[in-house]
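A.B. asks: Protein chains in written order, with our numbering: chain A, 1 to 339; chain B, 1 to 339; chain C, 1 to 339.
Treat the hints with care, as some may be off.
Claimed, not checked - Footprint (simulated), chain A over chain B, 3 or more residues, beta carbon under 8 Å:
# : segment
1 : 212-218
2 : 240-254
3 : 266-280
The hints are simulated quantities; they were obtained by calculation from the structure and are not laboratory data. Glycine residues also receive a C-beta, built at the ideal position from the N, C-alpha and C atoms.
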Amino acid sequence: MVTLAELANFIGAEIIGDATAQIHRANSFVSAQAGDVTFAADRHYRNRLPQSQATAVIIAPPVVETRVNLLVVKNPKLAFARAVQLLHRQPYKACGISADVSKGEGCILGNDLSIHPRVTLGRDVVIGNRVTLHPGVVIGDRSQIGDDTTLYANVSIYHDCDIGSRVIIHSGTVIGADGFGFVPDEEGRQVKLLQLARILIEDDCEIGANCTIDRGGFDETILRRGVKLDNLIQVGHGTQIGENTVVAALVGFSGGTQIGRNCIIAGQVGTNQHITIGDGALITGQAGVTKDIAAGAIIGGMSQDLRAWRRSQALYSRLPEINERLRQVERITRNLKGK
Amino acid sequence: MVTLAELANFIGAEIIGDATAQIHRANSFVSAQAGDVTFAADRHYRNRLPQSQATAVIIAPPVVETRVNLLVVKNPKLAFARAVQLLHRQPYKACGISADVSKGEGCILGNDLSIHPRVTLGRDVVIGNRVTLHPGVVIGDRSQIGDDTTLYANVSIYHDCDIGSRVIIHSGTVIGADGFGFVPDEEGRQVKLLQLARILIEDDCEIGANCTIDRGGFDETILRRGVKLDNLIQVGHGTQIGENTVVAALVGFSGGTQIGRNCIIAGQVGTNQHITIGDGALITGQAGVTKDIAAGAIIGGMSQDLRAWRRSQALYSRLPEINERLRQVERITRNLKGK
Amino acid sequence: MVTLAELANFIGAEIIGDATAQIHRANSFVSAQAGDVTFAADRHYRNRLPQSQATAVIIAPPVVETRVNLLVVKNPKLAFARAVQLLHRQPYKACGISADVSKGEGCILGNDLSIHPRVTLGRDVVIGNRVTLHPGVVIGDRSQIGDDTTLYANVSIYHDCDIGSRVIIHSGTVIGADGFGFVPDEEGRQVKLLQLARILIEDDCEIGANCTIDRGGFDETILRRGVKLDNLIQVGHGTQIGENTVVAALVGFSGGTQIGRNCIIAGQVGTNQHITIGDGALITGQAGVTKDIAAGAIIGGMSQDLRAWRRSQALYSRLPEINERLRQVERITRNLKGK
Numbered sequence: 001m002v003t004l005a006e007l008a009n010f011i012g013a014e015i016i017g018d019a020t021a022q023i024h025r026a027n028s029f030v031s032a033q034a035g036d037v038t039f040a041a042d043r044h045y046r047n048r049l050p051q052s053q054a055t056a057v058i059i060a061p062p063v064v065e066t067r068v069n070l071l072v073v074k075n076p077k078l079a080f081a082r083a084v085q086l087l088h089r090q091p092y093k094a095c096g097i098s099a100d101v102s103k104g105e106g107c108i109l110g111n112d113l114s115i116h117p118r119v120t121l122g123r124d125v126v127i128g129n130r131v132t133l134h135p136g137v138v139i140g141d142r143s144q145i146g147d148d149t150t151l152y153a154n155v156s157i158y159h160d161c162d163i164g165s166r167v168i169i170h171s172g173t174v175i176g177a178d179g180f181g182f183v184p185d186e187e188g189r190q191v192k193l194l195q196l197a198r199i200l201i202e203d204d205c206e207i208g209a210n211c212t213i214d215r216g217g218f219d220e221t222i223l224r225r226g227v228k229l230d231n232l233i234q235v236g237h238g239t240q241i242g243e244n245t246v247v248a249a250l251v252g253f254s255g256g257t258q259i260g261r262n263c264i265i266a267g268q269v270g271t272n273q274h275i276t277i278g279d280g281a282l283i284t285g286q287a288g289v290t291k292d293i294a295a296g297a298i299i300g301g302m303s304q305d306l307r308a309w310r311r312s313q314a315l316y317s318r319l320p321e322i323n324e325r326l327r328q329v330e331r332i333t334r335n336l337k338g339k
Numbered sequence: 001m002v003t004l005a006e007l008a009n010f011i012g013a014e015i016i017g018d019a020t021a022q023i024h025r026a027n028s029f030v031s032a033q034a035g036d037v038t039f040a041a042d043r044h045y046r047n048r049l050p051q052s053q054a055t056a057v058i059i060a061p062p063v064v065e066t067r068v069n070l071l072v073v074k075n076p077k078l079a080f081a082r083a084v085q086l087l088h089r090q091p092y093k094a095c096g097i098s099a100d101v102s103k104g105e106g107c108i109l110g111n112d113l114s115i116h117p118r119v120t121l122g123r124d125v126v127i128g129n130r131v132t133l134h135p136g137v138v139i140g141d142r143s144q145i146g147d148d149t150t151l152y153a154n155v156s157i158y159h160d161c162d163i164g165s166r167v168i169i170h171s172g173t174v175i176g177a178d179g180f181g182f183v184p185d186e187e188g189r190q191v192k193l194l195q196l197a198r199i200l201i202e203d204d205c206e207i208g209a210n211c212t213i214d215r216g217g218f219d220e221t222i223l224r225r226g227v228k229l230d231n232l233i234q235v236g237h238g239t240q241i242g243e244n245t246v247v248a249a250l251v252g253f254s255g256g257t258q259i260g261r262n263c264i265i266a267g268q269v270g271t272n273q274h275i276t277i278g279d280g281a282l283i284t285g286q287a288g289v290t291k292d293i294a295a296g297a298i299i300g301g302m303s304q305d306l307r308a309w310r311r312s313q314a315l316y317s318r319l320p321e322i323n324e325r326l327r328q329v330e331r332i333t334r335n336l337k338g339k
Numbered sequence: 001m002v003t004l005a006e007l008a009n010f011i012g013a014e015i016i017g018d019a020t021a022q023i024h025r026a027n028s029f030v031s032a033q034a035g036d037v038t039f040a041a042d043r044h045y046r047n048r049l050p051q052s053q054a055t056a057v058i059i060a061p062p063v064v065e066t067r068v069n070l071l072v073v074k075n076p077k078l079a080f081a082r083a084v085q086l087l088h089r090q091p092y093k094a095c096g097i098s099a100d101v102s103k104g105e106g107c108i109l110g111n112d113l114s115i116h117p118r119v120t121l122g123r124d125v126v127i128g129n130r131v132t133l134h135p136g137v138v139i140g141d142r143s144q145i146g147d148d149t150t151l152y153a154n155v156s157i158y159h160d161c162d163i164g165s166r167v168i169i170h171s172g173t174v175i176g177a178d179g180f181g182f183v184p185d186e187e188g189r190q191v192k193l194l195q196l197a198r199i200l201i202e203d204d205c206e207i208g209a210n211c212t213i214d215r216g217g218f219d220e221t222i223l224r225r226g227v228k229l230d231n232l233i234q235v236g237h238g239t240q241i242g243e244n245t246v247v248a249a250l251v252g253f254s255g256g257t258q259i260g261r262n263c264i265i266a267g268q269v270g271t272n273q274h275i276t277i278g279d280g281a282l283i284t285g286q287a288g289v290t291k292d293i294a295a296g297a298i299i300g301g302m303s304q305d306l307r308a309w310r311r312s313q314a315l316y317s318r319l320p321e322i323n324e325r326l327r328q329v330e331r332i333t334r335n336l337k338g339k
């Protein structure tokens, strides 16, 4: 529980209302009750401010006259994310190292750890401080886990992977499996290209559940600082993803894809091999990235500019009408020619 | 083994033939041998009845004159599904609680359990009666599992998830990982929106292998009674799926999607955030659902009516011809103008 | 370490240069240093031969005059894959059977095994010789694993699965979960079609991470010899994949799909139920396979011939222009008619 004054101070807001009001909980606009803080990011919710049961609502300027306490900031959604953390983030408490851990030779373990039962560490694994390893986590030989990192249940890390600090990896994710590289021989049998490179997951990355991040042949597969992946994402061998880029579920990056920083990649996007996507690009859902994408580009469909794609798509759904108009013109010109 | 009379009674069929015939096994139409029951749902298989080696074939009226015993019902496929269950469903046998189970404080366990080795339960977990937990299952703090539910190997359930009765969850599925919510700060770093809501999987749901069902910020993620998910499906934070809806593999539901009851969602479909899909809608494979879908609608492509989409798609493949026709008309009109 | 002569002998190459040169490592063209072997498959890299720091470069004829040692073969990429194996493949070393293995009654174990901690075997499981089972592997009743096969961490094999020799299965993959078969009853509730068939993974297959290979109702699901699957792939119940076929990530094969041998299926492809794809077919990324595909066909989009699809797609992106041209023709014909 915090006072409105403490909360305003934490999120850098101006208070319009009772600074001594008590805030217990963050909540959605619709569900917020007395004791709750929420936010109103757009006109739709701002118009409903008089109906809000919340004790405080975070809004952007301009201030409106209303009954509820207001916290005024430039970016209400960002301020709300911080408010939720202030009110609901559980402080880290080390729960120790379970007796039921299997550990290879040469492992180095940090302090204040939370290693649950049924965790398996290979040889020469290095674990930082305040690391949480949930049950079923398996970490291969010579892999490293940075400080304050959490691996949820049944995460599999192969050998020779470097995971940074404050990283979160959700259940079922696999890091370091062999990249998909084969060459057919004279009889059509697929000969394996061994995958020998390391994997690098930098600080502050978050990786969703059941993702797969593959090992490259000779080039490292890299997630730069602050990359956020949703669930069921394929990161091919030697792919590199730039800082702070966010990727939605079921995206597939082919081997050697180079993605810039601060990009947004929506769900079910796929990329061809060795494509480069520039900084700050936005790729919309189900798009196919078949060629290099410039920095800042907004893309839909098969590598089209989003606006152009929308125009094409609108006309695609009008193709029966277009075909009919064409037929009519053909008829008229036939008649005119006949004259 | 059952007699044809017993089987007919169980599936509610009329017998044409020898009621005392013995049935050992259910089988496909093509493979069925003496002692087997199978079904002929369409004309294609009905025409092949004389060639069938089966002891009995389930068909819909009208009855045909043939050598094999017939079981006549309204819905042969449904009757066959029930016949398979009668002949092949293994009765539940409790195999007890393995000594090799890790259990937090405050857990409450029901009767007649089958808890295999290497299962891990957090604190205050509640397990109903006749529950089967295969090896590698991890269940987080305060989660609940209803009666007669089966979790296959290496399923990960996070904290605060409610799983109903008679639920089946296949291997590798992850329930309760954090929804994908981030807000970029002033420097472009992604600030995490904590995901605090519960997950609710109601009775009689079946969830395939390697699915991911995410936790919402404030709204529960819910699978209503009898929902069936195939494999590798992403259910975003706060998404709700209505009763008896079936979803094929590799579908991605964005956060906040509302899907009605009795819908059919085919493979690799994706939805935009906060879309509503009405009861009984059918979404065909690889469709992109970018706007609300009415109850009963049949959809293909980018949220098009299926028939309209098929017409567009047919003309899309004829675009080279359309372009050529347009060119010809342009030529003619140029000539006519010239006159 | 090998001499160039030994390497040339192993890969069947002609040496142009110093046969006594020592090779320590395989590497990419760009990164190769003294002591490394690399390859130059196309003109782009051949033109950069003078800049290479490698000790030897594998190329196809014709030979060029250059400073670096050359290994001349017909197929440089294939020869390189073999060179990497010669230099970097770790010889198998049995690490024994961990004391921390859970084993049902009637299991038969081969010789020279590497069974890591926390592996669980059901009843009557048969394990061949030199098999590696990483931590968290679960193998169900009556399943069999052939010689020299490796299952990585947290792989789940259900009951009654036959896995061949020299098979590699990456982490998180699930083999043998129930196929997705339901029939709605009179009230719309989905009645389960029990899935009773076996699974067969033949010799020399490699299956990526977090794949799902489902059990069929009555027909076996089969991966023929040498099939290679990337990550996050769905193989539906009763699907059969022919010898040496390679499948990229996030592909979904519906139940009963029949895929020929030596096919290439690119990422995010989906197939309708009971489709047949002929030998040697190539299906490009994100294609939807809605009808049978002939042997050797090259397919894009919705089951179109790739060239036809590319023409359609090019005109799709020009639809605004086509629409404008049509409008102009309409205007002109209106004017001409008016005269």
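A.B. asks: Compare the structure with the hints numbered earlier in the document and write down the numbers of the violated ones, lowest to highest.
C.D. replies: none
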